[in-house]
Amino acid sequence: MIVRQVAVNVFLWLGVALVVISCVGVLAFGSVYDRLHFTAPLNLGAICIAIAVVIHEDFSLVANKAILIAVFLLVASPVLALATGRAARHAERGDWRMGADEEIEVEER
Amino acid sequence: MSIWLAASIAMLAGLVPAVAACIRRDAAAMLAALNAAGVGTVLILVTLSVAFSRQAFVDLAVVLAPLAIGGSLAFVRYLERQRDR
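Protein sequence lines correspond, in order, to chains V and L. Take the first sequence: its letter number 19 is residue 50 in the numbering used here, and every next letter is one higher. Take the second sequence: its letter number 14 is residue 157 in the numbering used here, and every next letter is one higher.
Hints should not be assumed to be uniformly reliable.
[Claimed, not checked] Chain V regions said to be covered by chain L (calculated; three or more residues, Cβ under 8 Å):
#1 40-49
#2 77-84
#3 91-101
[To be verified] Quick list of simulated restraints, FRET-style, between CB atoms:
#4 V:G125 to L:D202: 38 to 48 Å
#5 V:S91 to L:L210: 23 to 33 Å
#6 V:A59 to L:V206: 26 to 36 Å
#7 V:F90 to L:R220: 34 to 44 Å
These are computed hints drawn from the structure, not numbers from a lab. Just so you know, even glycine gets a beta-carbon here, dropped at the ideal spot from N, CA and C.
Please construct the entire structure, taking both the sequences and the accompanying hints into account.
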């Protein structure tokens, strides 16, 4: 029982620490590319909190939903980070994809 | 105070920098901060659900997670098209 409580504490506070560090990191860095790096630990935080809920509640309805949320965030967050980075790059420098009839310009040195 | 409620309060305090980051810099940087704030809010709802033994909070988190990600993806599309105009 004590081991279980310790495990819940460890996973819960590890998750909380990851969330807080990510949020502070997002504020500390100004560039979108730097900020996107700090959204990754949030997924680890979600996994840690889901593990803590499962240990605390056994596989109850709440625990199953916590697992569902963690799995969803694990799959969807990288997609969103990639799309955000792509949009930021697109907004800065325009579309990088070339048309089929467009030739590559090579600078001669 | 249970550890779950304490964890919720700690994460809520940690969410303040992410929300503050949402009102600075350019739109893309704000969007990255919004992603972090959305995921943080989902996790706060999960811990609150365990703290108060209310299943409704975790249901809210299950709904909020896809909405936060989907909303950000919609904004990403807008951001991509912004330059073309």
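Now the hints, each set against the structure:
Interface restraint, the segment 40-49 of chain V with chain L: holds (5 residues with C-beta to C-beta distance below 8 Å; minimum three). Coverage of the segment 77-84 of chain V by chain L holds [criterion: at least 3 residues with CB-CB distance below 8 Å; count 4]. Counting residues of the segment 91-101 of chain V whose C-beta lies closer than 8 Å to any C-beta of chain L gives 6; at least three are required, and the coverage claim holds. The supplied range of 38 to 48 Å is met by G125 (chain V) and D202 (chain L), whose beta-carbon atoms lie about 43 Å from each other.
In this structure, S91 (chain V) and L210 (chain L) meet the distance hint of 23 to 33 Å, their C-beta atoms being roughly 24 Å apart. For the pair A59 (chain V) and V206 (chain L), the supplied restraint of 26 to 36 Å holds, since their beta-carbon distance comes to about 31 Å. Range check, F90 (chain V) to R220 (chain L): Cβ separation about 38 Å, and the 34 to 44 Å hint holds.
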